[in-house]
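Novice: Taken in order, these protein sequences are the chains called L and V.
Mapped onto the working numbering, the consecutive letters of the first sequence carry residue numbers 11 to 203.
Mapped onto the working numbering, the consecutive letters of the second sequence carry residue numbers 11 to 203.
Keep in mind that the hints are not guaranteed to be accurate.
Because identical chains cannot be distinguished in the list, a pair is counted as satisfied if it fits within a single copy or across any two copies.
Subject to a maximum C-alpha distance of 30 Å in a straight line, what follows is the list of computed DSBU-like cross-link-like pairs (lysine-lysine) [said to hold, decoys possible]:
#1 97 x 76
#2 76 x 36
#3 188 x 36
#4 184 x 36
#5 188 x 76
#6 37 x 97
Rather than coming from a laboratory, the hints here were simulated on the basis of the structure.
Protein chains: 2
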Amino acid sequence: MNIVEFFQHRAGTWTSTRTSHHLIIKKAESGTSEIHLEMLSVQDPQVIELCEQHGFNPEQALCAAKVTWNGSMEWDNKDTVGEGNHKGFTIFVPIADGDDIQQGHLLRHQGYAEKAPVVGRYVMSSDDVLSLITEYGTVYSEEKFWFPRPNLCLRAGITVGMSNVTSFCTEIRKVPPKSENTETARTATGAST
Amino acid sequence: MNIVEFFQHRAGTWTSTRTSHHLIIKKAESGTSEIHLEMLSVQDPQVIELCEQHGFNPEQALCAAKVTWNGSMEWDNKDTVGEGNHKGFTIFVPIADGDDIQQGHLLRHQGYAEKAPVVGRYVMSSDDVLSLITEYGTVYSEEKFWFPRPNLCLRAGITVGMSNVTSFCTEIRKVPPKSENTETARTATGAST
Numbered sequence: 011m012n013i014v015e016f017f018q019h020r021a022g023t024w025t026s027t028r029t030s031h032h033l034i035i036k037k038a039e040s041g042t043s044e045i046h047l048e049m050l051s052v053q054d055p056q057v058i059e060l061c062e063q064h065g066f067n068p069e070q071a072l073c074a075a076k077v078t079w080n081g082s083m084e085w086d087n088k089d090t091v092g093e094g095n096h097k098g099f100t101i102f103v104p105i106a107d108g109d110d111i112q113q114g115h116l117l118r119h120q121g122y123a124e125k126a127p128v129v130g131r132y133v134m135s136s137d138d139v140l141s142l143i144t145e146y147g148t149v150y151s152e153e154k155f156w157f158p159r160p161n162l163c164l165r166a167g168i169t170v171g172m173s174n175v176t177s178f179c180t181e182i183r184k185v186p187p188k189s190e191n192t193e194t195a196r197t198a199t200g201a202s203t
Numbered sequence: 011m012n013i014v015e016f017f018q019h020r021a022g023t024w025t026s027t028r029t030s031h032h033l034i035i036k037k038a039e040s041g042t043s044e045i046h047l048e049m050l051s052v053q054d055p056q057v058i059e060l061c062e063q064h065g066f067n068p069e070q071a072l073c074a075a076k077v078t079w080n081g082s083m084e085w086d087n088k089d090t091v092g093e094g095n096h097k098g099f100t101i102f103v104p105i106a107d108g109d110d111i112q113q114g115h116l117l118r119h120q121g122y123a124e125k126a127p128v129v130g131r132y133v134m135s136s137d138d139v140l141s142l143i144t145e146y147g148t149v150y151s152e153e154k155f156w157f158p159r160p161n162l163c164l165r166a167g168i169t170v171g172m173s174n175v176t177s178f179c180t181e182i183r184k185v186p187p188k189s190e191n192t193e194t195a196r197t198a199t200g201a202s203t
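Here chain L stands alone, though its shape is the one from the complex (with noise of 0.2 Å):
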């Protein structure tokens, strides 16, 4: 699986059950959350305005991918939840170094964390299993993303740096992606095959 195939699988509305380990207060905290991904256009005005912004030339982009979520955690100011404080949308742009897709930058686009434009690192192993890493700030993050059956993604990852805390998602798919468009991926690289 290559970096696009793993976005074009993450297509579609996952319920997400989210558990975070405070590592310094030994404390775990669960939570849930709707995260929606679809593959946007490598024309998408967006997707060519966020590689500019990072001075890649937008004919690089392998692929473009929104998530949009929505959720809460249990330790969430529950007067503050009324629209859902985890909410937001990301827009991601992998980058491939040179000829090997299987690893490069990740643009990305108002994150959860932070809203300045964003960009991480991707590698794809050779197990299928996704690594994202992204420092912003003084904040650190890395995160593994893979599929242990089509319809369940699990995600588990570290973030270090205003506080320490692991995390753990397990998602299930409810809503399949709607039918592929086939032109988001830009064939031109071999990136899909």
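Got chain L sorted already, so can you dock chain V onto it with the hints?
Specialist: Same frame as chain L, now just chain V:
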């Protein structure tokens, strides 16, 4: 990292925080345990016996590790927890598929959810993630282990069968291993290089 180096790195005593996501009832359950791993000599009689039980030549054992644990989960019957009802030990012995030590059989004695000897599979990926796949009776389990930091091990996976559960452990090393006995690994196979 190869499978022998992985086990060697895992030696020591770890504090483990475990969370299980019960997929059918959609509930998370947490618990804690202490896990200790020590390398055994491949000449240890228990290791030789385990190989012979499974019809393998003991000379094929790449290394051997004994894991003991003691813990409890939230939903445990408190009346029976006295001595810790998640307590036990396992001996692991990896046997490579021919010359490829990155994957092979994993012999196992006295597991957590079963008492009969079990043969599973191990795979080391390109990014140093160890996957263990075990089938015993109608139960199938698949778990990934990796070290985001030298003294931090994350484990996550699924168990399918009697119940469908995903689980996640954050494990922090609290006691380093005793000085290594270099005789524990079968260096003649090149496994520890």
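Novice: At most 30 Å between CA atoms: does that hold for residue 76 and residue 36 within a copy, between copies, both, or neither?
Specialist: between (34 Å within a copy, 27 Å between copies)
Novice: Cα distance capped at 30 Å. Does residue 188 pair with residue 76 within a copy, between copies, both, or neither?
Specialist: Classified as within: same-chain Cα gap 14 Å, cross-chain 49 Å, threshold 30 Å.
Novice: If the cutoff is 30 Å on CA atoms, where do residue 188 and residue 36 land: within, between, both or neither? Let me know, please.
Specialist: between (41 Å within a copy, 26 Å between copies)
Novice: For residue 184 vs residue 36, is the C-alpha pair at or below 30 Å within one copy, between two copies, both, or neither?
Specialist: Between. Shortest inter-copy distance 14 Å satisfies the 30 Å Cα cut-off; intra-copy 32 Å does not.
Novice: From the Cα coordinates, with 30 Å as the cut-off, is the pair residue 37 and residue 97 best called within, between, both, or neither?
Specialist: both (23 Å within a copy, 22 Å between copies)
Novice: Is it within, between, both, or neither for residue 97 and residue 76, if the alpha carbons may be no more than 30 Å apart?
Specialist: within (14 Å within a copy, 45 Å between copies)
The structure agrees with every numbered hint stated previously.
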